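**Student:** Listed below are the residues making up each chain.
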Amino acid sequence: DAGVTQSPTHLIKTRGQQVTLRCSPKSGHDTVSWYQQALGQGPQFIFQYYEEEERQRGNFPDRFSGHQFPNYSSELNVNALLLGDSALYLCASGFGTGLYEQYFGPGTRLTVT
Amino acid sequence: KNQVEQSPQSLIILEGKNCTLQCNYTVSPFSNLRWYKQDTGRGPVSLTIMTFSENTKSNGRYTATLDADTKQSSLHITASQLSDSASYICVVSADNAGNMLTFGGGTRLMVKP
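As given, the protein sequences belong to chains A and B, one line each in that order.
Just so we're aligned, residue 17 is where the first sequence starts under this note's numbering, counting upward by one.
Just so we're aligned, residue 6 is where the second sequence starts under this note's numbering, counting upward by one.
Just chain B, with the same shape it has in the complex (with noise of 0.2 Å):
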């Protein structure tokens, strides 16, 4: 069964500090990873999209990575701001599955001042 595991599950941070969000994931075959960013009651909206073949992407403060041996990626924000506090998703795309995604519960960070 395809699935997303993400960590940890709600974060605390101070802002301007940085911090890093993991995904683990089984989805197989493999065809791509994405890092969502929703804000309470609105829709997700894409920060980032990698395939089998890149291992890094930066968007802004944005950084994700992408390991595609041992099925992990990590979304590095650096100096965080007020605005970062939202959840963030790690969703994983199946290669023989189209575009039908496989989300993960999300890790819930709040950036205070």
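The following block holds chain A by itself, in its conformation from the complex (with noise of 0.2 Å):
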């Protein structure tokens, strides 16, 4: 049983270009939430989603943005890339919107130049 995917591991990108990342969730979970974490800091919430909508929002702009697919896996865009979205991006996969337990996925590095 695979758990959560992110791909692509690294990456590397100039500013004011896209980026999507991509999170297959873990066999039977149904969310996903995405996190940015920056060298040094602890991850910061940038949403969730359930059933093919967002649920959730942190404090991002919306250059970030999001979809869910029907089998539950998940892309991160980003658009119009600053220097400051250089970080490791984490995905985590759940079941349903209650307490539950969140396994992260082993995070896609971006570096923006």
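Hint data in this document are derived by calculation from the structure and do not stem from the laboratory.
Be a bit skeptical, because a hint or two may be false.
[Claimed, not checked] Derived lysine to any residue pairs resembling SDA-like cross-links, with alpha carbons at most 25 Å apart:
hint: 1; chain 1: B; residue 1: K6; chain 2: A; residue 2: E70
hint: 2; chain 1: B; residue 1: K76; chain 2: A; residue 2: E117
hint: 3; chain 1: B; residue 1: K76; chain 2: B; residue 2: C24
Since the structure is predicted, the reported quantities are computational estimates derived from the model, not experimental observations.
Both chains are given apart, each in its own frame, so use the hints to dock them into the complex.
**Tutor:** Next up, the structure:
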């Protein structure tokens, strides 16, 4: 049983470009949350998807958008990249929207130059 | 504003020794508190999760305590091993925020032989 998987592992982009990160949840999970983790800091919540809809959103600008597909996988899109967007992007999956254990993927390391 | 503060920021101990990490939070209304272990460049892995009614929970050599009155938690690691070297992150969820998690900055633990 595969856990949470993310792709790509590493990515280098230039300021102003757009990027799409992908996440496949753990088998049986239907909720996906995305987090941004800057170097040396704890993760910051970006948003959560359940039933193909954005259910909750953290304090991130509209440049950050997402999508959840019928198979529960999810994408994170970031437009007009800034140097400050360089971070480890983590995806976590769970079941439902109540109290549940969240399982994290290995993350995608994004570097913006 | 919901906040989670951890101390110390970093800690070095000798293999076999015990240590205790601290977490203070201002998240309200409180729902649950989690401790995660994160290896460098990897996604966090859950150690414990506690709700309001629980004041202690163990997972092998890891024991977490929770005092909901003082809004403090601790993570005690017994008989440390080299593989315990990692960042330990305290995470709190508010009752009115679904599963939107507020992360602390983490304590970086290094276990030396």
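**Student:** Tell me, in ascending order, the numbers of any earlier hints that this structure violates.
**Tutor:** none
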